[in-house]
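S.K.: Take a look at the letters that make up each chain.
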Amino acid sequence: MAVDETARALGLSVDQKAADAMALVPSLVTFDHDAAADRMALEALCDWCVRFSPAVAIDGTDGLFLDISGTDHLWGGEGEMLVDLVARLARWGVPARAAIADTPGAAWALARYGDDLAIAAPDQQRTAIEGLPVAALRLEDAAEAQLPRLGLHRVGQLFALPRAQLAKRFGLATTLRLDQALGMAAEALTFRRPASPWFDRLAFFEPISAPDDLARVAGDALALICQRLEAEGRGAKRFEVVFHRLDGQAYPVRAGLARLGRDAGRLTKLIVPKLDKVDPGFGIEVVTVHAWAVEPLAAAQDRLDAQAGTSLDETLAPLVDRLVNRLGENRVWRADPYESHVPERSVIRNAPLDPPAAARWDPDRPRPVRLFKRPEAITAIAKLPDDPPMQFTWRGRPHRVRRAEGPERIGQEWWRAGVGEEDTGPGKIRDYYRVEDDVGGRFWIYRQGLFGEAEAPKWWIHGLFS
Amino acid sequence: MAGSREARLAALRGQIAAIEAGTRTPTPVLPFGDPAIDGCFPGGGLPLGGWHEVTGAGLEAETSAAPAAFVGLLLRPLVKTGAIVWVARRSDLFAPGLFGLGFPADRLIQVRTRDEAETLSVLEDALSTQGVVAAVGEAEAPDLTAGRRLQLACEKRGGFGVVLHRRPYGGRAGAGRAVSGSASFSRWRIGPTPTPPPADDIGLGPPRWRVELERCRGGRAGAWILEQQEAGHGPHPFRLVSQLADHDVAPTEPGLRLVG
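Residue numbers (my numbering), protein chains in the order written: chain E, -16 to 449; chain A, 276 to 535.
A hint or two may mislead.
Stated by the list, open to error - Subject to a maximum C-alpha distance of 35 Å in a straight line, what follows is the list of computed DSBU-like cross-link-like pairs (lysine-lysine):
id : chain 1 : residue 1 : chain 2 : residue 2
1  : E       : Lys356    : E       : Lys220
2  : A       : Lys355    : E       : Lys220
3  : A       : Lys431    : E       : Lys257
Just so you know, the hints here were simulated from the structure itself, not pulled from any lab data.
Isolated chain E (complex conformation) (with noise of 0.2 Å):
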């Protein structure tokens, strides 16, 4: 049971039955606990604090973990950044208790047990967290019940007592939980988004709203990241500018590079287009911007004079860039040649700056011009059983076969996986012809089946050459 703040002022507590609630509260308004959206709400309140720092953990069903190492020089301090952040969280009717310690396990103890917004100084975890109960350190629920019965109410007690005893009365779990609440064990966060260096950061005095200023600060906040990239000789494939709204909404607008890059200008050329999604709503105050896939780029890259002296991949990638981001990733490639004798299958569709493929097709395997994407049926004459067709009708419309070629014959492959014993048997062997009918159209029709198998062999059309 979980209660608000109107009800903890009528005597209302969490360990109640809710029995005795509403005895003692006969209006009171119930609802049963939905596990679900509590964890949505979590995740957008995650999302959120990315305007802090971006690293955010969630932790448990109700606390998040911000590292915010090198990111409170932004607010002007860290006492500054607590205060905001809980001011805001507020505002919005998200009441908080925060704490900044040098460990997870020390913030998470100050706080949910310590005084608000307090901040353990560097290297002070002991003193910080030693008069905290011991609930305070994330124990297992049988040591927790167990500490206080033997008299150990603080943190600081148990600090005093012999580790091998400690461990060996109330599990490995507790002093590892202690050690690293001081730091002197690792602790992994699984953080929301993978933690990366290459993001920045820009706040507005006052909050911006006008599509130009979207636009101009897209291009700002770009500018600083790519002269970061530039400083260190990176650059980056992806990036994400992130508007966050007054009202705590935050708007991603993505831009993929096909090859590495940190031109800001071209950058910004990409997003504008899209910030049309971008709502401002009562106006935007931060935008922050992340670059991935960051790699080492030589510098020399950007210097090569667009007119003369450059590859055709180095000309070609602003165009590519263009239609990715304007088109989807899935709309823009090159079909390079995939080693499979199964028409459909025979062509992998690749970015289209990527090194070339290896394989090739075979050229003494014509192939038609426009493959369907899945076979017509069509109805077809044939003189001898294993002959190709005299006529065929398609469409409605009947072609009389002037020449042919063929077969080839083009069985499924049974070795890949998905392909099922009733993929591969003979009635699923398709002998393909090449025909032109009598205005010189070619066709490329395929019977699937053999005869004197139970079901009868059927007629496809799956290509036009010409």
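Given the coordinates of chain E, assemble chain A onto it according to the supplied hints.
M.R.: Showing chain A alone in chain E's frame:
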């Protein structure tokens, strides 16, 4: 009097040509390699800084196989100098088929768009990009404004633009045919044509097309039967089989020939 009139007309034509050309040097052209065809164009070939319309005959208006093969072959000499962008709403263009025509597919960028307007704007974007030597768009006839924009994009970098007229799947026959982009340099109509048996009488010979040049700015119209030239045989992708003064299609030979 008549002579001076002719001379004045010639002088005026020269002035107009000079105005049209502006300060540009004469654009490079893509020749067919046969004087019977190249003579129809003012510059001895299709100019690179312009765009051309290619339509199909009959059923081809929707499937657009013969026009696609024709365009693939036409662009074969260009592919050495840069990338080729092929923009379409459908993704039934099969790269191994183009490869079979001698067109190296590793310089081909395929783009799938969502609608007609997007096709044209991507085409425009591609044509005005350095490094793109030609761009093909499968669309219905673009209107005059779109055609003019394409022309400007082509002129920017000397790109070779092709609009492959293609009806959307299941679209009405004849719809959209009414508008013809007169901003295009030329308009072609491509259809298949029966091929004679190959020399060894096995299988199918090289493909042939019935190619009609319906309109050409500053040139003459014409109709020919062209055959694919194998990649090793000279720089030009087509071989002229016969000139069609009228409807003298190559003699048809009925009868099915079998290949074992």
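S.K.: Run every hint past the structure and note whether it holds.
M.R.: Hints, one by one, checked against the model:
Taking the CA atoms of Lys356 of chain E and Lys220 of chain E, the gap is near 32 Å; set against the 35 Å cutoff, the hint holds. Note on Lys355 of chain A and Lys220 of chain E: the hinted pairing holds, with a Cα-Cα distance of about 29 Å set against a maximum of 35 Å. This hinted pair checks out: Lys431 of chain A and Lys257 of chain E have alpha carbons roughly 27 Å apart, not beyond 35 Å.
Of the numbered hints stated above, none is contradicted by the structure.
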